[in-house]
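J.: Below, each chain spelled out in residue letters.
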Amino acid sequence: MASDFSPPPELRYVQYHSSKETTYLSAIRQLISQDLSEPYSIYVYRYFLYQWGDLCFMALDEKDNLLGVVISKLELHRGGPLRGYIAMLAVREEYRGRGVATKLVRMAVDVMIERDADEIALETEVTNTAAMKLYERLGFLRSKRLHRYYLNGNSAFRFMLFVKESTGQYGGEYGAAQLPPSA
Amino acid sequence: MADMSKLTIREIHSKPAFEKDDDGSVADQHPAWRPGVARDITTGFSTAASALTTGQLVKDEFFTLFEAVGALEIMDPKMDSGHLRSGETLEDDYDVLRELLPEEVIGIMDQLLCFEMAWHAGHPLSQSLFTSLYLDRLLWPEPKMLEEARFDRSKVPKPENKMLHLVLRAYCLSLVKTCDFVHQRISKEHYYEEEDFVSNLYHRNLLTQFDVVEIHHMINEALNYVSKLTNISITLRDALVVRLELRSYFLSAVQFDEIIDDHRVPWWERCLRLIPALPKTTYLGMRVEASFSIKIQRRLASTVPPRPMVNMSFDEAFEQLTKLCQNGKDAYRILDYRGGANLMRFIWAYQSRTPQPSVYIRCLMQAMVFSEMRVLGMMSFKELILDNLREIVMPADVLLDSSNFDVEAPQDPRFHVAKRMDDFMATAADRFLDIFRTLCMNRSRLRRILCHLVLEWDNLQFDAENFDTELRKYSNEAPLKDANSSEDLWAFPLSSWAYYHKLQQMEWIVQMGFELDVYQIDELGGMYWYLQYLISTRIQHLERIRTFTTRRLTRISESTLEEKAAFRRSFSFLDFAILEASATLSFADGLSCLFSFFAHLRLVPAPYHDRPYSTPEFRYNLRMRPFISISLPEVPSYQQFAALISLRMPDKNGTYGSKVKPAQSEINQQASQMLELAEQSLKAARREWEAVSKANAETARCQGCEDWWRTSVKNVMRACINANIVVSTAKKALANAGTGDARDVLKVEMVESAKGYHPWWIVPKISAK
Numbered sequence: 001m002a003s004d005f006s007p008p009p010e011l012r013y014v015q016y017h018s019s020k021e022t023t024y025l026s027a028i029r030q031l032i033s034q035d036l037s038e039p040y041s042i043y044v045y046r047y048f049l050y051q052w053g054d055l056c057f058m059a060l061d062e063k064d065n066l067l068g069v070v071i072s073k074l075e076l077h078r079g080g081p082l083r084g085y086i087a088m089l090a091v092r093e094e095y096r097g098r099g100v101a102t103k104l105v106r107m108a109v110d111v112m113i114e115r116d117a118d119e120i121a122l123e124t125e126v127t128n129t130a131a132m133k134l135y136e137r138l139g140f141l142r143s144k145r146l147h148r149y150y151l152n153g154n155s156a157f158r159f160m161l162f163v164k165e166s167t168g169q170y171g172g173e174y175g176a177a178q179l180p181p182s183a
Numbered sequence: 001m002a003d004m005s006k007l008t009i010r011e012i013h014s015k016p017a018f019e020k021d022d023d024g025s026v027a028d029q030h031p032a033w034r035p036g037v038a039r040d041i042t043t044g045f046s047t048a049a050s051a052l053t054t055g056q057l058v059k060d061e062f063f064t065l066f067e068a069v070g071a072l073e074i075m076d077p078k079m080d081s082g083h084l085r086s087g088e089t090l091e092d093d094y095d096v097l098r099e100l101l102p103e104e105v106i107g108i109m110d111q112l113l114c115f116e117m118a119w120h121a122g123h124p125l126s127q128s129l130f131t132s133l134y135l136d137r138l139l140w141p142e143p144k145m146l147e148e149a150r151f152d153r154s155k156v157p158k159p160e161n162k163m164l165h166l167v168l169r170a171y172c173l174s175l176v177k178t179c180d181f182v183h184q185r186i187s188k189e190h191y192y193e194e195e196d197f198v199s200n201l202y203h204r205n206l207l208t209q210f211d212v213v214e215i216h217h218m219i220n221e222a223l224n225y226v227s228k229l230t231n232i233s234i235t236l237r238d239a240l241v242v243r244l245e246l247r248s249y250f251l252s253a254v255q256f257d258e259i260i261d262d263h264r265v266p267w268w269e270r271c272l273r274l275i276p277a278l279p280k281t282t283y284l285g286m287r288v289e290a291s292f293s294i295k296i297q298r299r300l301a302s303t304v305p306p307r308p309m310v311n312m313s314f315d316e317a318f319e320q321l322t323k324l325c326q327n328g329k330d331a332y333r334i335l336d337y338r339g340g341a342n343l344m345r346f347i348w349a350y351q352s353r354t355p356q357p358s359v360y361i362r363c364l365m366q367a368m369v370f371s372e373m374r375v376l377g378m379m380s381f382k383e384l385i386l387d388n389l390r391e392i393v394m395p396a397d398v399l400l401d402s403s404n405f406d407v408e409a410p411q412d413p414r415f416h417v418a419k420r421m422d423d424f425m426a427t428a429a430d431r432f433l434d435i436f437r438t439l440c441m442n443r444s445r446l447r448r449i450l451c452h453l454v455l456e457w458d459n460l461q462f463d464a465e466n467f468d469t470e471l472r473k474y475s476n477e478a479p480l481k482d483a484n485s486s487e488d489l490w491a492f493p494l495s496s497w498a499y500y501h502k503l504q505q506m507e508w509i510v511q512m513g514f515e516l517d518v519y520q521i522d523e524l525g526g527m528y529w530y531l532q533y534l535i536s537t538r539i540q541h542l543e544r545i546r547t548f549t550t551r552r553l554t555r556i557s558e559s560t561l562e563e564k565a566a567f568r569r570s571f572s573f574l575d576f577a578i579l580e581a582s583a584t585l586s587f588a589d590g591l592s593c594l595f596s597f598f599a600h601l602r603l604v605p606a607p608y609h610d611r612p613y614s615t616p617e618f619r620y621n622l623r624m625r626p627f628i629s630i631s632l633p634e635v636p637s638y639q640q641f642a643a644l645i646s647l648r649m650p651d652k653n654g655t656y657g658s659k660v661k662p663a664q665s666e667i668n669q670q671a672s673q674m675l676e677l678a679e680q681s682l683k684a685a686r687r688e689w690e691a692v693s694k695a696n697a698e699t700a701r702c703q704g705c706e707d708w709w710r711t712s713v714k715n716v717m718r719a720c721i722n723a724n725i726v727v728s729t730a731k732k733a734l735a736n737a738g739t740g741d742a743r744d745v746l747k748v749e750m751v752e753s754a755k756g757y758h759p760w761w762i763v764p765k766i767s768a769k
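First to last, the protein sequences are chains A and B. Numbering-wise, the first sequence is residues 1 to 183 according to this note's numbering. Numbering-wise, the second sequence is residues 1 to 769 according to this note's numbering.
Think of the hints as simulated: they come from the structure by calculation, not from any bench. In this text, a Cβ means the ideal position worked out from N, Cα and C, and glycines have one as well. The reader is advised that the hints may include incorrect statements.
[To be verified] Coverage of chain A stretches by chain B, computed from C-beta distances (three or more under 8 Å per stretch; other residues unrestricted): (1) 18-24; (2) 91-104.
[Said to hold, decoys possible] Some, not all, of what chain A presents toward chain B, calculated at C-beta under 8 Å: (3) D61; (4) E136; (5) R145; (6) H147; (7) F162.
Using the sequences plus the hints, can you model the full thing?
T.: Below, the structure written as structure tokens:
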């Protein structure tokens, strides 16, 4: 259980800002692309970091080495609820199991709530039990399964968290008719 | 800034692992590009760019995450497929014209089969078949005549090297033509691009314009040649013959035509008879790895990153092919029409087999269900709806009399009835068809599409009420009197029909949630409760329909034989539906109580502590989201829900919400009560499922799929028996625990839905410590 360990005292959690790009961007890319079969171009990172830098948090050691990062966004979802979205989360292997990821996610979620989010979403691979446990402990639920969602052919779960009482009223994702696409 | 010059935008072929939602489509919103005069903008661009700070993103409102993910960086070997590492050559130096040993030909054929099956499984051609240098040579440049589709590409055919020019070529051409038919079939139906299948042909043509007869002719020629070979061993010769024959049969089996009947079944059967010979001789093959190259990708798709070849083992490919042929053959059983309920049962039974039939087969089934405006190639959609209405709600009803539709005189009331009915069927047609179509989607999509479809049916139910009210004056219906309020009660047959289908879809959504492992352990008790709530609503509804049907029968003074048969059919449907629903209800109720019991004693590893960002009520609202906008049945409020399913979950301190922790004896006593309820329901479930299993195929609406349906029912019964055993084990252990903690005497382990007896019925493992 990640929360059973207290994080090492020398860890610092820092909110990202565009002024920090030269210091941290390449480390962020490196850390995240380790888990990917195909790297994202720099545009993907800038897409998030430039628009929602305040929803990105980094875990640093005493020498400012990057140990973990979370990247997210927050915008209206199909004209309905204000939806936060956790796009990327990575922690260096030797620092896993110490609650670093949980702390990073909580910091991002806190800012989303502060900024009036209605709900928060993300996807994980169906085999990633560690990530699923992390989000479930925070209160997320699996809302749907996404068949062969990733490039490697693996499926995903969409996780959702309602953070407001009123969220149900949108009728959510099922409001608009979504039938099989016409051939 | 340096990075900007390295960027290019690639086509969105790749799958961004980001919030891609239900439609999955990317609308092209960019303003159209207009040709104009080219001018050098380097200086202007540099000047403008120098005004930006590093990391600043310049984008218009049309630049979305999809575009961002589609961008790739030139000269990055992982993203730039054109990038050559030092010493790497652009082209392969494999000589496709070299002499081939028969062993090598077998090796290449089997490798091609692996790639073909990988494509069927959803991988792109660029990572599978199109890595073959042989196929590449045949298909590019595009042959204008079949004669041009050759390895040497020279005008004068050389007589020697027949193993290559005759045997392998015939094999490759029939393989490509087979892919063409498969591709056409899938493209005509509903499927999800990239998720189910990648349709991209990379500007290659799969010999579409060439007649299949010519291809068969070539295979025959090759077969002729091989069977007369004397300089190779008989085993080798037979191995080649089997592979060529299989190509010929497989090609005939998938041949794409608009005729919907079972005349292709014998070809699937022939494939099935030949297939077992493949693994027996695959050891003869010599792999020719060099004849497959990932470098071809550069010419196929320069705007996506290089992606590896898909490695499917021969054993896996063989298994896939066997399943494909078996499923292909079985699919045609659907054509034996026995009513709408039976048709729905068939598709459920067929699609629920694991692994689910592949995308080609699912598209084949869609085509059989509905294409060229015909259902199963034999009836109109109107006939299907009318028949389903007769079966469920309106047996021998004057409103559905076929002769009504022939009346042309507007003064005749039957003319008006027919017109209203036509209007109603026009409203209902697509939605009814969508049920069948949806059942052919992949399992994840099935659940998601049902969440949308059910809202359509909610609307349909509402619309149908108006039709019912209008039609009442023509049917001469006399209302029933409500015993309590003495209000008039009308049958509302059309909206009853819509309500029935809507309720079924709601149940399916919940049950698919179990199958797809969407619910967390601590939700299972609640979700089985909600399932039984839906089913009990459906049972009440079925009983209501039965009441009105019975009444209508009694009002017919002298019923004809035909009328009698129609009513009998409808009652048989209703009675069996009630029986099956009752069995499902009992099982769901039993499991709901069982999971409440586990939760009460903290026997399952659920998160019992408070979750920092969420409350049980928020989670309930999220879970009920697919149903919240449905008018009937209403989603119970959280308070009702919590009170009803005994959500007396221990909190963080194990105090069950009160100030002091209750005595263990009290906790155990409450737990025994829950267990008692679970036992009652599960025992009833066992009896009722037993009764369900005894129904004959006609009653159970499982004609044509009886074997699959009976297997499924048997599995439900095994799950049910298992649940009964869990209860008795728990009971004994609890008795032994006395006033101690049940966790000291019992161990409960969760089982994934796919690993249990039936994916809709999750029964944990239990053991006494």
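J.: Each hint needs a verdict: does it hold in this structure or not?
T.: Hint-by-hint comparison with the structure:
Under the rule that three or more residues need a Cβ within less than 8 Å of chain B, the assignment of the region 18-24 of chain A holds, with 3 such residues. Restraint check on the region 91-104 of chain A versus chain B: 0 residues with Cβ-Cβ distances below 8 Å, three needed, restraint violated. Using the Cβ-Cβ criterion of 8 Å, the hint placing A:D61 at the interface with chain B is not satisfied: the shortest such distance is roughly 23 Å. Restraint check, A:E136 versus chain B: the minimum CB separation of about 6 Å is within 8 Å; hint holds.
At its closest, the beta carbon of A:R145 sits 4 Å from a beta carbon of chain B; the interface hint therefore holds under the 8 Å criterion. Hint on A:H147 holds. Least Cβ distance to chain B is approximately 4 Å, under the 8 Å limit. Because the smallest distance between the Cβ of A:F162 and any Cβ of chain B comes to about 4 Å, under 8 Å, the interface hint for this residue holds.
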